[in-house]
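Using the sequences and the accompanying hints, generate a full structural model.
The chain contents come next:
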Amino acid sequence: MKIKKYIKAGSVEEAYGILEGNPKAAVVAGGAWLKLLPTEVDEAIDISGLGLDTIEKKGDFLEIGSMVTLRSIETSPEVRALYDGVISDAAEKIMGVTVRNIATIGGTIAGKYGFSDIITPLMTLGTQLEFYKGGSIGLVEFMNEQAKSRDLLLKIRIPVAEGRGFYKTMKITAIDFPILNTAVSYIGGKTVIAVGSRPYKAALAEKAMAYMDTCASQEADCCERAAMTAAAEMKFGSNSRGSAEYRKQLCEAFVREGLQEVKS
Amino acid sequence: MKLKLIVNGENKTFDVKPDEYLLDTLRNNNYVSVRRGCDNTSCGVCTVLVDGKPVASCSYLSLKAEGRNVTTVEGIAEEAAKLAGFFGEEGADQCGFCNPSVALTVYAMKKELKNPTDDEIRSYLVGNLCRCSGYMGQHRAIKAYLEVD
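Chains A and B are the protein sequences, given in the same order.
End of the first sequence = 264 in our numbering, gap-free, step of one.
End of the second sequence = 1149 in our numbering, gap-free, step of one.
Selected chain B positions facing chain A (Cβ under 10 Å, derived; list incomplete):
(1) Tyr1021
(2) Asn1040
(3) Pro1054
(4) Ser1057
(5) Ser1059
(6) Leu1061
(7) Leu1063
(8) Ala1108
(9) Met1109
(10) Leu1125
(11) Asn1128
Far from chain A, some chain B residues (derived; all Cβ distances over 12 Å):
(12) Glu1078
(13) Ala1081
(14) Arg1140
(15) Leu1146
Hints listed in this document are in silico derivations from the structure and should not be mistaken for laboratory results.
Virtual Cβ for every residue (Gly too), placed ideally from N, Cα, C.
Below, the structure written as structure tokens:
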């Protein structure tokens, strides 16, 4: 990304005003992936001084500021305590500490990166996003929107409840992007399955989830059939990291393993 | 644009471009122990500490570091020399290109983790590649430096 002017915002209002007033302005979150973007912006808005870097329990939610780094998420006891530590598990698999100390959860979500390790588990947990102007929106709904948001993501809110979580990713090396990743949750009697890095952005396996809701067979049979359903319904693509067929095979295996684990 | 930093304990002011990265700012100002490798966050040889945390300076915008403490290996010279002694004893050195970045990351790990396990040490160093040593000598040397079994 080429930047013509760098502005350190003094307030959320100021940051939003710049963003709203110039279609060629963009928010700089951590900035770890800026080099990958072939774009040019007139004004890069730095929001690192706006106090959006805290993790707090608020009522029935864990509230994570959009500028919290992936390393802080990985090491937070509050995040680790949620759903078998599924979010922390995903965060700690993202490249090295030197990158996780830069990249932020807000930047990852706002970018809707297909290679994201962190979006996939968050989609299975009923995660809500809080924007400055747009208010609250579900992460799943946000991911399904085609257009990129021109709003300021302030907070990520994760419901705090009893439940199980599972995350698995396959990479060629630890410092590479995933070939495929899968998250499964089981919360309040409801199973949620998300598959990411297909290499497309993460999405829910809706048919497999519906099947799990109605399956009256034995548990192992349900998991097997749901895994096949997920692999059949998701769209996969090929790139230098893996073929669509390989990703489909991984999906089936990961969903099966995830369902067995969260149902055990 | 003007950028004010504290580099190795000294107040500094640099002229930087809006899209300049910390690696370039430091190297342009003769902090050449900060190495350029992959230039895309993969290899870790550009590691510096920002407020004590190891970051890939190739992907950290310089202006984002305004007012912060930046540490290169010269800023931890005594600890780096101590670690280098263990590297020598364990035969963990060859070309030495990655040594400043590894020293900084290990130094940060020492501050952050108490009695790290083998897995925790490996995990912390995932982003610091070494193309010579094969890592086993480094691992032994780091454990000796950290005084862990």
